[in-house]
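K.L.:
Here is what each chain is made of, one letter per residue.
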Amino acid sequence: DGGITQSPKYLFRKEGQNVTLSCEQNLNHDAMYWYRQDPGQGLRLIYYSQIVNDFQKGDIAEGYSVSREKKESFPLTVTSAQKNPTAFYLCASSINGNQPQHFGDGTRLSIL
Amino acid sequence: GQQLNQSPQSMFIQEGEDVSMNCTSSSIFNTWLWYKQEPGEGPVLLIALYKAGELTSNGRLTAQFGITRKDSFLNISASIPSDVGIYFCAGQASGSRLTFGEGTQLTVNP
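First to last, the sequence lines map onto chains A and B. For the first sequence, the working numbering gives the first residue as 1, with consecutive numbering after it. For the second sequence, the working numbering gives the first residue as 1, with consecutive numbering after it.
Simulated from the structure, these hints should not be mistaken for laboratory data. Be aware that a few hints might be false.
What the hints assert, rightly or not - Label pairs and their calculated CB-CB ranges:
{"no.": "1", "chain 1": "A", "residue 1": "10", "chain 2": "B", "residue 2": "77", "range": "31 to 39 angstroms"}
{"no.": "2", "chain 1": "B", "residue 1": "109", "chain 2": "A", "residue 2": "44", "range": "27 to 35 angstroms"}
{"no.": "3", "chain 1": "A", "residue 1": "41", "chain 2": "B", "residue 2": "95", "range": "23 to 31 angstroms"}
{"no.": "4", "chain 1": "A", "residue 1": "98", "chain 2": "B", "residue 2": "38", "range": "23 to 31 angstroms"}
{"no.": "5", "chain 1": "A", "residue 1": "69", "chain 2": "B", "residue 2": "54", "range": "14 to 22 angstroms"}
{"no.": "6", "chain 1": "A", "residue 1": "17", "chain 2": "B", "residue 2": "57", "range": "45 to 53 angstroms"}
{"no.": "7", "chain 1": "A", "residue 1": "62", "chain 2": "B", "residue 2": "75", "range": "27 to 35 angstroms"}
{"no.": "8", "chain 1": "A", "residue 1": "83", "chain 2": "B", "residue 2": "15", "range": "39 to 47 angstroms"}
{"no.": "9", "chain 1": "A", "residue 1": "59", "chain 2": "B", "residue 2": "38", "range": "22 to 30 angstroms"}
Beta carbons: idealized from backbone N, C-alpha and C, even for Gly.
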């Protein structure tokens, strides 16, 4: 099946620890995105990538890092610098930056 | 940056009723999208609009791209319990990033 796969579904982080969220797509999409969603709120853009080996900061990039070494993969690392990491993280992809985005099923990150 | 105002913030309706929600922007968009998100899942694209005045249906859902290009609405007819979820609008201007509304939480009472 074609689609966007996020893993794990649930993730727990200890204080001071970095964690990496996986996002893989087999849709042959050039553009990929990471969003953060807090309870009862909309989506806020963390990072996005229009093409392999290139990415840009979104509105709330502080405390996060990404890489785009392969077209199908766009992992997000939540670093210890992110002081309030508890949230629902959504990955999306689109054919290019002007086409509708399609989302994965999200990863819920919590602090132990 | 671009601002999107989505209303209402929440709706509580009886099964069978029609629903209407809308989004307005401070600037012109070339694309309007409507998504639905169910608990614990990612948003799913419902309808995409690309032209001012465009009216598009997807089953019981109908969305329109406003003539001014600064607004869009989504209607759901004859609501059913599985319509429950959060509905997001999103707009995009040429060469700009997609901007999301804050969402409308829909509750349908059987």
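K.L.:
Now look at each hint and say whether the structure bears it out.
P.N.:
Each hint tested on the structure:
no. : hint                               : in the structure
1   : 10(A) - 77(B): 31 to 39 angstroms  : 37 angstroms, holds
2   : 109(B) - 44(A): 27 to 35 angstroms : 31 angstroms, holds
3   : 41(A) - 95(B): 23 to 31 angstroms  : 26 angstroms, holds
4   : 98(A) - 38(B): 23 to 31 angstroms  : 27 angstroms, holds
5   : 69(A) - 54(B): 14 to 22 angstroms  : 39 angstroms, violated
6   : 17(A) - 57(B): 45 to 53 angstroms  : 48 angstroms, holds
7   : 62(A) - 75(B): 27 to 35 angstroms  : 39 angstroms, violated
8   : 83(A) - 15(B): 39 to 47 angstroms  : 44 angstroms, holds
9   : 59(A) - 38(B): 22 to 30 angstroms  : 25 angstroms, holds
In summary, the structure is inconsistent with hints 5, 7 from the numbered list given earlier, while agreeing with the others.
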